[in-house]
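Undergrad: Residue strings, one per chain:
Protein chains: 2
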Amino acid sequence: VHLELERDYERHRQYDARYRVLMDSSTEPMIFVDLATGNIIDANRSAAEALEADRDSLIGKALTQEFESRSGDNILDEVNAISRSEVRRVIEMSSRRTQKHLFVATTFFRASGERLMLCHLQSSDKDARQQHTLA
Amino acid sequence: VHLELERDYERHRQYDARYRVLMDSSTEPMIFVDLATGNIIDANRSAAEALEADRDSLIGKALTQEFESRSGDNILDEVNAISRSEVRRVIEMSSRRTQKHLFVATTFFRASGERLMLCHLQSSDKDARQQHTLA
Chain G
1 VHLELERDYE RHRQYDARYR VLMDSSTEPM IFVDLATGNI IDANRSAAEA LEADRDSLIG
61 KALTQEFESR SGDNILDEVN AISRSEVRRV IEMSSRRTQK HLFVATTFFR ASGERLMLCH
121 LQSSDKDARQ QHTLA
Chain X
1 VHLELERDYE RHRQYDARYR VLMDSSTEPM IFVDLATGNI IDANRSAAEA LEADRDSLIG
61 KALTQEFESR SGDNILDEVN AISRSEVRRV IEMSSRRTQK HLFVATTFFR ASGERLMLCH
121 LQSSDKDARQ QHTLA
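Chains as they are written, first to last, in the working numbering: chain G, 1 to 135; chain X, 1 to 135.
Quick caveat, the hints were computed from the structure, so don't treat them as lab data. Any given hint could turn out to be false.
[Said to hold, decoys possible] Stretch by stretch, here's where chain X covers chain G in the computed footprint (C-beta under 8 Å, at least three residues):
| id | segment |
| --- | --- |
| 1 | 4 to 13 |
| 2 | 49 to 63 |
| 3 | 97 to 111 |
[To be verified] Just a sample of chain X residues kept apart from chain G, beta carbon distances all over 12 Å, derived:
| id | residue |
| --- | --- |
| 4 | Arg7 |
| 5 | Leu22 |
| 6 | Gly38 |
| 7 | Asn39 |
| 8 | Asp42 |
| 9 | Arg55 |
| 10 | Ser57 |
| 11 | Glu68 |
| 12 | Ser69 |
| 13 | Arg70 |
| 14 | Gly72 |
| 15 | Asn74 |
| 16 | Leu76 |
| 17 | Ile82 |
| 18 | Thr106 |
Since this is a predicted model, take the numbers as computed values, not measurements. From the three backbone atoms N, C-alpha and C, an ideal C-beta is built for every residue, glycine too.
Whenever a hint applies, use it, and build me the whole structure from the sequences.
TA: This is the structure in structure tokens:
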């Protein structure tokens, strides 16, 4: 039984490492948000670049500190409301830092009992940036 | 101590869930390969589409069954050789199923003692496909 537990533990640890590589190797800007606290719990380098922020300074920040809803509502209230009925939705929001308008592809899910949101940030000049990255 | 272990376990389980969401929500075709066995250990839906295969049929397959090296070498030997000196490299290979030429952005890393490779598959008609997806 002990060996089994250890194998299980190792398998989980491997997912941690794979998770980190997925985040760091992606050119897509992504952030994870804990919907109960409203805090950003992870962000990759691409997201930090897109938001013109240090990665470390983004993690732990409130979603409402970084983003504004386009409708004028509190952005956390808005995503919490959407998460009750949908799994995915593209939501328009603005970055408070850069004042840029973003299309955010959200995915709502549960992990170990927590309600989390994954955000793929896409600025409206995405095509231009991608050309630049690929060049 | 028991509670701490449990918390640790829960934290790891949360990464498993985040990992799954990262894979499934991405429009980038991605596969993970165990470099010791040479087998594909995970593939997302985008990768299955790009390779015109079922996701389930890809997992467990040998890398050499799915891909050919452009140089004529065994593709597993080629990536193993590169992994000894580099962390990242774009490698050209062909899909045996589709006969399509791919640019594969590889990332080599270790996870729980295993040598793994993450592959981002990019076909040469990527821009055309992306336009299609966004339209």
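Undergrad: If a hint holds in the structure, say so; if it does not, say that too.
TA: Structure-based check of each hint:
1. 4 to 13: Answer holds; 5 residues pass the 8 Å Cβ test.
2. 49 to 63: violated (count 0)
3. 97 to 111: Coverage by chain X holds here, the residue count being 5 at a Cβ distance below 8 Å.
4. Arg7: 10 Å, violated
5. Leu22: Given that some Cβ of chain G is not farther than 12 Å from that of leucine 22 (chain X), nearest at about 5 Å, it is violated.
6. Gly38: 17 Å, holds
7. Asn39: 14 Å, holds
8. Asp42: 8 Å, violated
9. Arg55: 16 Å, holds
10. Ser57: Given a closest Cβ separation of 21 Å, the condition holds.
11. Glu68: 24 Å, holds
12. Ser69: Consistent with the label, serine 69 (chain X) stays out of reach of chain G, its closest Cβ about 22 Å off (over 12 Å).
13. Arg70: Given that every Cβ of chain G is farther than 12 Å from that of arginine 70 (chain X), nearest at about 20 Å, it holds.
14. Gly72: 27 Å, holds
15. Asn74: Given a closest Cβ separation of 24 Å, the condition holds.
16. Leu76: 19 Å, holds
17. Ile82: Per Cβ check, isoleucine 82 (chain X) is outside 12 Å of chain G; nearest 15 Å; holds.
18. Thr106: 9 Å, violated
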